[in-house]
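First to last, the sequence lines map onto chains A and B. The opening residue of the first sequence carries number 771 in the working numbering; numbering runs sequentially from there. The opening residue of the second sequence carries number 3 in the working numbering; numbering runs sequentially from there.
Incorrect hints may have been included.
Across the chosen pairs, the derived CB separations fall in these ranges [stated by the list, open to error]:
1. B:L19 / A:R1039: 25 to 35 Å
2. A:R1039 / B:S113: 34 to 44 Å
3. A:L777 / B:Y136: 42 to 52 Å
Which residues of chain B face chain A? A few of them, derived with a C-beta cut under 10 Å, are [what the hints assert, rightly or not]:
4. D85
5. T115
6. P134
7. L170
Since the hints were made in silico from the structure, they are not lab data. Just so you know, these numbers come straight off a predicted model, no measurement behind them. Think of the CB as a built atom: it goes at the ideal place given N, C-alpha and C, for glycine as much as any other residue.
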Amino acid sequence: MSLWFLLSLAFVQHAFYAVSAVAVAAGAVGYFVVLRRQAFAAHAIGHVGFAGAAGAVLLGLAPVIGLLGFCLVAGVLIGLGGATLSDRDAVVGVTLTAALGLGVLFISLYSGYADATYSILFGQILGVTWGDVTLVASVSLVVVAALSLIYRPLLFVSVDPSSAQARGLSERVLSLIFLTLLALTTVVAIQIVGVLLVFSLLVAPAAAAEQLTNRPLRALALSCAIALVSSWLGLFLAVWWGGPVSFWITALASSTYVVARSRDAWRTRQRATRVA
Amino acid sequence: MSAVEFRDASVVRGGRLIWREANVTIEPGSINVVLGPNGAGKSTLLETVLGLVPLSDGSVRVFNEPPARGNARVGYLPQSRRDSDLRVTAREYVGLGFDGTRFGWGRDAASKTKAVRDALALAGATVFADRPLYALSGGQRQRVALAHASVFHPALLLLDEPLAALDLAAQGEIVDLINLFRDTTGAAVVVVAHDLNPLAPIVDQVLWIARRQVRSGPLDDVVNEAVLSELYGHAIEIVVTPRGRRVIVGLEEEFAHPHPHPHPHSPTGAHAHAGATSGHVDEETHAHFAEYYEGDA
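Go ahead and model the full structure; you've got the sequences and the hints to work with.
So, in structure tokens, the structure goes:
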């Protein structure tokens, strides 16, 4: 089978469109996840979504409905409960365990074959339909548009909460909006890479970008670019060579971070030797 | 028109009275230092001006208007910031002070670039403007924070502990900078501080909070051992350096209270010095603080 034949298949093309839309949204939202030190919240929202999906399967609904519902509720809970950084960690932890407990219950109650929940955990990019693509693309578009509208205030409140408050911004409102956007992004990212690997798009590209530039808008664009390239290459390698797509995407995005960190460490050492 | 005017102002926070019946005026173009022990309500005073904390009684007017969050005439440098771990350049951070509160896509790139450049230049931060905040020293970060707080040309600048955790040289630089800022912009400046010594050369009015009361007056009213000892709840001595500078020092316990067998040269306690505005550099005075300023008074 030639590569061109593989790439012309409908399911591969669907995967390509879906992965592109998700990568842009996740790369952009991910920058703020890393800047705001909210990786744990992102992690928790994904796992809460898993419980929601399991619940939906149990009730005979589409998993994505449970996923969406639970992720949004988790986002709001974390936003409302975690005003301060120390509160936030505890609220996230409690939300996470409570939801995972529910997930275990739902799975044990479900008598059928838990195929749908398995794909929630590890992603099922090559199974996306045209309908999924439209959903994923519209959600990503909404997320990116909303993020661009609140970009400056969100950046201000993330970088310097006290003076942003004094200048009239509401940290709580911005945090709630952001966590809602994060929940939406998580829902679509889970469709591609699954709950367990959602960090590969949501945190790794942004963390790498933050190592490479200190200018927020550039870091944000770079984060999107790294997420896009990892996703495209990952999809390509999986189709061409085999292996799960989510594995490839994760491997590529994490390697980018490792390379960026090493470059940073190397440059610091260079500077140190020059001074010495 | 005064920059700030407190009239019989009281604050209750979490059911606890912080201070009451404050009557204080901050004049435009003046440098005001707020002194007081930990927990006296110094930062709270700034927060009432910012509209972050409401008064429980009395009134405060900021440029003859009630205080409100987001007042474009008020700049604020908070005490707690997260700049030590930020991978964001100083220039970007100062830019957020200019248009960080604006939603939407609109940009005003030209005037922003100029305002940011000017603020950085005035703060002496141009050289390291493109370095990330985490890589700067404490003094450099404080310069950047000052540029951030003043980039939109506020007529009143509130600085919460801008000298905390700085070494003597950096403290002196920030004090000079505050003075320069006041002289070039004509803005009123309110500085919360723990230590009056480094700020003494530039201060116009001192606000001191002790025993839940806010009082104000010129430097000489405060640099008085009785007032200072009450203020800090700890014996204070004022010494005059050979160059004629008055320096405030805390006395060690053994000198603060009458000794059972007084040594002929020991100070007998803070109250014995009440009213005196100067003393001598006593060999036996164990200063808690080093002499801060070597320069001329």
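>> Tell me the hint numbers this structure goes against, listed in increasing order.
In response: 1, 5, 7
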